[in-house]
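**Q** What follows is each chain in one-letter form.
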Amino acid sequence: MKLLYDLLELSGVSSNESDTANFLLEFIQKRKSSWNVLPKIYSGENFHDCILLKFGNPSTAVFAHMDTIGFMARYQNQLIPVGGPEIISGTWLTGKDSLGQIRCQLLGDEEELSHNFPRKVDPGTCFSFEQNIRVDEEFIQAAYLDNRVGLYNALKLCETIENGWIVFSTYEEHGGGSMPFLLKFIQENSPIKQALISDITWITDGVRHHEGVVISIRDKFIPRRKFLDRIISLANQSNIPFQLEVEAYGGSDGREVQFSPYAIDWCFIGAAEDHVHTPNEKVSLADIHSMIEMYKYLLANF
Amino acid sequence: MKLLYDLLELSGVSSNESDTANFLLEFIQKRKSSWNVLPKIYSGENFHDCILLKFGNPSTAVFAHMDTIGFMARYQNQLIPVGGPEIISGTWLTGKDSLGQIRCQLLGDEEELSHNFPRKVDPGTCFSFEQNIRVDEEFIQAAYLDNRVGLYNALKLCETIENGWIVFSTYEEHGGGSMPFLLKFIQENSPIKQALISDITWITDGVRHHEGVVISIRDKFIPRRKFLDRIISLANQSNIPFQLEVEAYGGSDGREVQFSPYAIDWCFIGAAEDHVHTPNEKVSLADIHSMIEMYKYLLANF
Amino acid sequence: MKLLYDLLELSGVSSNESDTANFLLEFIQKRKSSWNVLPKIYSGENFHDCILLKFGNPSTAVFAHMDTIGFMARYQNQLIPVGGPEIISGTWLTGKDSLGQIRCQLLGDEEELSHNFPRKVDPGTCFSFEQNIRVDEEFIQAAYLDNRVGLYNALKLCETIENGWIVFSTYEEHGGGSMPFLLKFIQENSPIKQALISDITWITDGVRHHEGVVISIRDKFIPRRKFLDRIISLANQSNIPFQLEVEAYGGSDGREVQFSPYAIDWCFIGAAEDHVHTPNEKVSLADIHSMIEMYKYLLANF
Numbered sequence: 001m002k003l004l005y006d007l008l009e010l011s012g013v014s015s016n017e018s019d020t021a022n023f024l025l026e027f028i029q030k031r032k033s034s035w036n037v038l039p040k041i042y043s044g045e046n047f048h049d050c051i052l053l054k055f056g057n058p059s060t061a062v063f064a065h066m067d068t069i070g071f072m073a074r075y076q077n078q079l080i081p082v083g084g085p086e087i088i089s090g091t092w093l094t095g096k097d098s099l100g101q102i103r104c105q106l107l108g109d110e111e112e113l114s115h116n117f118p119r120k121v122d123p124g125t126c127f128s129f130e131q132n133i134r135v136d137e138e139f140i141q142a143a144y145l146d147n148r149v150g151l152y153n154a155l156k157l158c159e160t161i162e163n164g165w166i167v168f169s170t171y172e173e174h175g176g177g178s179m180p181f182l183l184k185f186i187q188e189n190s191p192i193k194q195a196l197i198s199d200i201t202w203i204t205d206g207v208r209h210h211e212g213v214v215i216s217i218r219d220k221f222i223p224r225r226k227f228l229d230r231i232i233s234l235a236n237q238s239n240i241p242f243q244l245e246v247e248a249y250g251g252s253d254g255r256e257v258q259f260s261p262y263a264i265d266w267c268f269i270g271a272a273e274d275h276v277h278t279p280n281e282k283v284s285l286a287d288i289h290s291m292i293e294m295y296k297y298l299l300a301n302f
Numbered sequence: 001m002k003l004l005y006d007l008l009e010l011s012g013v014s015s016n017e018s019d020t021a022n023f024l025l026e027f028i029q030k031r032k033s034s035w036n037v038l039p040k041i042y043s044g045e046n047f048h049d050c051i052l053l054k055f056g057n058p059s060t061a062v063f064a065h066m067d068t069i070g071f072m073a074r075y076q077n078q079l080i081p082v083g084g085p086e087i088i089s090g091t092w093l094t095g096k097d098s099l100g101q102i103r104c105q106l107l108g109d110e111e112e113l114s115h116n117f118p119r120k121v122d123p124g125t126c127f128s129f130e131q132n133i134r135v136d137e138e139f140i141q142a143a144y145l146d147n148r149v150g151l152y153n154a155l156k157l158c159e160t161i162e163n164g165w166i167v168f169s170t171y172e173e174h175g176g177g178s179m180p181f182l183l184k185f186i187q188e189n190s191p192i193k194q195a196l197i198s199d200i201t202w203i204t205d206g207v208r209h210h211e212g213v214v215i216s217i218r219d220k221f222i223p224r225r226k227f228l229d230r231i232i233s234l235a236n237q238s239n240i241p242f243q244l245e246v247e248a249y250g251g252s253d254g255r256e257v258q259f260s261p262y263a264i265d266w267c268f269i270g271a272a273e274d275h276v277h278t279p280n281e282k283v284s285l286a287d288i289h290s291m292i293e294m295y296k297y298l299l300a301n302f
Numbered sequence: 001m002k003l004l005y006d007l008l009e010l011s012g013v014s015s016n017e018s019d020t021a022n023f024l025l026e027f028i029q030k031r032k033s034s035w036n037v038l039p040k041i042y043s044g045e046n047f048h049d050c051i052l053l054k055f056g057n058p059s060t061a062v063f064a065h066m067d068t069i070g071f072m073a074r075y076q077n078q079l080i081p082v083g084g085p086e087i088i089s090g091t092w093l094t095g096k097d098s099l100g101q102i103r104c105q106l107l108g109d110e111e112e113l114s115h116n117f118p119r120k121v122d123p124g125t126c127f128s129f130e131q132n133i134r135v136d137e138e139f140i141q142a143a144y145l146d147n148r149v150g151l152y153n154a155l156k157l158c159e160t161i162e163n164g165w166i167v168f169s170t171y172e173e174h175g176g177g178s179m180p181f182l183l184k185f186i187q188e189n190s191p192i193k194q195a196l197i198s199d200i201t202w203i204t205d206g207v208r209h210h211e212g213v214v215i216s217i218r219d220k221f222i223p224r225r226k227f228l229d230r231i232i233s234l235a236n237q238s239n240i241p242f243q244l245e246v247e248a249y250g251g252s253d254g255r256e257v258q259f260s261p262y263a264i265d266w267c268f269i270g271a272a273e274d275h276v277h278t279p280n281e282k283v284s285l286a287d288i289h290s291m292i293e294m295y296k297y298l299l300a301n302f
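Protein chains in written order, with full-length UniProt numbering: chain F, 1 to 302; chain A, 1 to 302; chain L, 1 to 302.
Source of the hints: derived by calculation from the structure; they are not laboratory data. Everything numeric in this text was worked out from a predicted model, so none of it was measured. Hints may be right or wrong, so weigh each one.
Claimed, not checked - No farther apart than 27 Å at their CA atoms in a straight line, the calculated lysine-lysine pairs in the DSS-like style are these:
id: 1; chain 1: F; residue 1: K156; chain 2: F; residue 2: K30
id: 2; chain 1: A; residue 1: K32; chain 2: A; residue 2: K220
id: 3; chain 1: F; residue 1: K120; chain 2: F; residue 2: K96
id: 4; chain 1: L; residue 1: K184; chain 2: F; residue 2: K193
id: 5; chain 1: L; residue 1: K40; chain 2: A; residue 2: K193
id: 6; chain 1: F; residue 1: K184; chain 2: L; residue 2: K184
id: 7; chain 1: L; residue 1: K32; chain 2: A; residue 2: K184
What the hints assert, rightly or not - Far from chain F, by Cβ distances over 12 Å, these chain L residues were calculated:
id: 8; residue: D6
id: 9; residue: L25
id: 10; residue: N77
id: 11; residue: K120
id: 12; residue: T160
id: 13; residue: K296
Beta carbons are placed, not taken as given, at the ideal position from N, Cα and C, and that holds for glycine.
All chains, please: the whole structure from these sequences, using the hints.
**A** Written out as structure tokens, the structure reads:
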């Protein structure tokens with residue numbers, strides 16, 4: 001879990017993911033020789049802040065987004081959201097501008113947001129929730145489990161995967177925009193037939209803590225039934241705990257696979273959290289465990 | 001009309017179009033030798049559930065979507081919509097899950113939908129409106145004339161077309177997502193300059209039954225004026241009854257042609273219905289006739 | 001400024017940009033021999049109504065949209081908007097249909113729009129705001145400064161640019177749709193790393209007349225921080241007046257660069273106006289001047 005804690009301490013508000021990307025790259029360089037298969041690594045300015053790892057001969061890609069929701073300084077002491085953070089007046093935020101580190105509180109409501117930092121902040125400065133990681137025997141609670149857990153799962157999968165792309169995307173929380181060029185690069189280099197989205201979903205009427213990783217039958221968008229049937233059949237064989245989600249709302253990098261100019265099947269598979277998009281996101285440790293196991297199983301058995 | 005009745009009996013809620021695709025493929029295989037030109041057929045897993053027919057040397061493609069609106073089982077006895085069905089409590093629905101056939105009623109309103117089937121239904125099960133085809137001398141009334149009439153028109157066009165793509169797409173009712181890869185395949189294999197959307201539109205202030213096929217000047221999106229002018233001029237020459245539509249809302253597969261990375265003109269041409277997205281969609285038989293005639297005329301005279 | 005006045009007299013409602021395109025092409029043909037570098041010109045039906053100019057060896061493209069907001073005739077005397085015009089009952093509109101020139105007034109509100117022209121107008125006829133250009137020592141006020149100023153800036157840049165694409169796009173005000181094929185053509189012919197959007201933005205809490213061209217840190221979408229930092233650093237070096245914008249709403253052709261399948265950085269740079277999308281758009285002459293200077297500086301110093 002040390003790796004997950006390290007990931008949770010990084011900041012990476014959508015559009016400003018370079019610190020997270022640098023951490024991931026360093027980690028990958030340090031650890032790759034211990035993995036079963038040595039991946040080919042694609043990163044750098046041609047990929048903006050994204051990273052692609054190609055293991056063996058892929059027919060599947062796993063996507064984990066590295067960006068988080070947050071806030072941006074507007075004029076005076078105003079803030080505007082990046083992505084869809086929950087607005088809870090009094091929440092502690094951290095950021096950094098040309099004059100140095102900033103720690104302040106979020107004030108106001110969805111109509112009008114501000115911060116209480118005593119000096120003027122550079123317009124465009126990004127703010128994240130202040131991190132506070134809490135772990136007990138059953139749960140981890142922190143800001144940004146969405147999607148540090150997805151990154152963690154993807155990095156754990158690197159240890160054993162033999163064939164497949166593992167891809168770290170940006171901008172997922174704020175409309176997207178890196179998936180189109182990532183998919184184009186993949187399809188033109190070592191094309192895939194299917195994509196799994198390593199991300200965090202929501203506790204709802206039908207999705208509960210400790211009942212296993214969630215395989216999503218749909219959110220706002222709907223994967224192809226034939227592909228879902230195959231995933232669910234493999235999941236049943238695996239004996240790993242899982243639950244099925246059927247929701248009318250929400251989206252993920254899967255949306256951009258759906259609308260890409262490639263016939264690629266996709267499915268969202270991830271642990272569920274409550275207190276979504278707050279500093280208190282909460283995920284069952286057992287669900288994280290079954291998420292990691294399920295990815296390992298699926299990538300080995302597709 | 002036998003073919004149209006057969007098409008109306010199929011179920012094909014967006015994401016679950018394989019039964020419809022199989023029917024179309026079988027029909028095409030059986031009938032193709034009677035057509036003026038033998039098409040090249042593209043289908044199978046590389047095209048998900050879509051089908052492309054290439055006749056001669058195309059400069060035009062005709063797109064007809066094979067999916068329908070419907071509902072999906074959520075948890076307990078909850079339902080959520082697929083696409084935008086009209087919510088009329090008491091409507092009869094049909095579906096099928098791992099335990100067998102299901103017939104039940106839709107209950108509730110747009111806020112909270114459920115069904116009254118006495119046993120638990122597998123989450124993710126698709127439901128369609130129960131079919132009830134009614135025909136008199138002037139009208140056909142049924143569920144899913146949108147877009148079984150569009151499919152019917154496309155299949156009738158197969159009989160005489162000499163040059164052109166005829167393409168059966170998926171997911172149109174629920175956000176789209178097959179058009180991008182279909183267009184890419186077409187442009188990389190036998191590229192087109194223009195696309196016609198074979199689909200059903202709405203009776204409105206200015207669109208009436210029995211006044212001919214509708215040529216749409218716009219819905220939410222607007223085709224290029226130069227192309228519309230050319231279509232309308234050909235339609236005038238044809239002496240086939242038609243009417244012009246100018247609406248602020250609605251969309252079709254034309255939207256995805258507009259936003260594709262290809263300079264392809266597009267226009268929606270189709271008969272109009274009332275009781276849209278209910279089990280009682282109603283279209284004038286004369287308008288279906290002029291739709292078929294207009295497509296034949298345009299494809300022969302572009 | 002003669003050129004700007006000429007541009008302001010053209011009509012070019014989204015989907016009907018051919019008059020504007022023809023004017024631009026003629027102007028380009030007449031003036032190109034006086035420019036520092038002779039561009040390669042791409043236009044014609046393969047590009048719909050868009051125009052691309054390639055100067056030298058580009059790494060940057062400048063995009064200016066040639067379309068405007070307006071209205072379209074529906075049935076009877078109804079109107080529907082094209083793009084997002086401000087609805088001010090009594091506004092004078094001009095258009096032209098098969099029976100000749102039309103001058104009439106806009107009536108009604110956002111719920112129900114009509115015109116008061118005494119005869120029936122062809123459905124689908126486009127209407128523009130009647131033009132009324134007013135200039136004093138500080139300001140220009142007219143309809144359609146958005147985006148005739150952007151076109152003007154792009155054409156002024158043609159005089160001195162050595163390397164770069166200058167591209168005139170369509171449909172920006174009504175959902176877009178030309179940028180995807182323009183970007184594909186550029187990337188497949190002489191690819192770029194970055195894009196500047198030559199367009200007009202809004203006077204807001206933090207953006208004021210006479211304070212220089214606006215460099216937008218964000219609107220609804222957010223460019224990559226690394227690229228913004230580079231632009232702002234160059235702008236600081238330039239000694240040209242500029243101001244920074246941080247807004248939660250609005251969009252531009254930059255949106256389509258963001259969502260394109262290419263890793264291209266983008267930034268919106270343009271003068272600000274008030275009375276947005278009315279016949280009385282108002283821009284500071286000094287801000288137009290710094291817009292032109294900033295584009296020349298950036299293109300010479302990237």
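**Q** Against each hint, give a clear statement of whether it holds in the structure.
**A** Hint-by-hint comparison with the structure:
Distance check on the hinted pair: F/K156 and F/K30 sit about 14 Å apart at the alpha-carbon level, within 27 Å; holds. For the suggested pair A/K32 and A/K220, the alpha carbons sit about 36 Å apart, so the restraint of at most 27 Å is broken. A C-alpha spacing of about 12 Å is found between F/K120 and F/K96, which places the hinted pair at or below 27 Å, so the restraint holds. Between L/K184 and F/K193 the CA atoms are separated by roughly 24 Å; this keeps the pair inside 27 Å, and the hint holds.
A threshold of 27 Å between alpha carbons decides the hint, and for L/K40 with A/K193 the separation of about 24 Å falls inside it, so the pair holds. Restraint check for F/K184 and L/K184: satisfied, since their Cα atoms lie roughly 12 Å apart, inside the 27 Å limit. Note on L/K32 and A/K184: the hinted pairing is violated, with a Cα-Cα distance of about 35 Å set against a maximum of 27 Å. No beta-carbon of chain F is positioned within 12 Å of the beta-carbon of L/D6; the least distance is around 36 Å.
Every CB of chain F lies more than 12 Å from the CB of L/L25, the least distance being 31 Å, so the non-interface label holds. A cut-off of 12 Å between C-beta atoms confirms that L/N77 is not in contact with chain F; the least separation is 39 Å. Distance to chain F confirms L/K120 as a non-interface residue, since its nearest Cβ pair spans about 41 Å, more than 12 Å. With 12 Å as the threshold on Cβ separation, the claim that L/T160 sits away from chain F holds: the shortest Cβ distance comes to roughly 27 Å.
With a least CB separation of 24 Å from chain F, L/K296 remains clear of the 12 Å interface cut-off, as annotated.
In summary, the numbered hints that this structure violates are 2 and 7.
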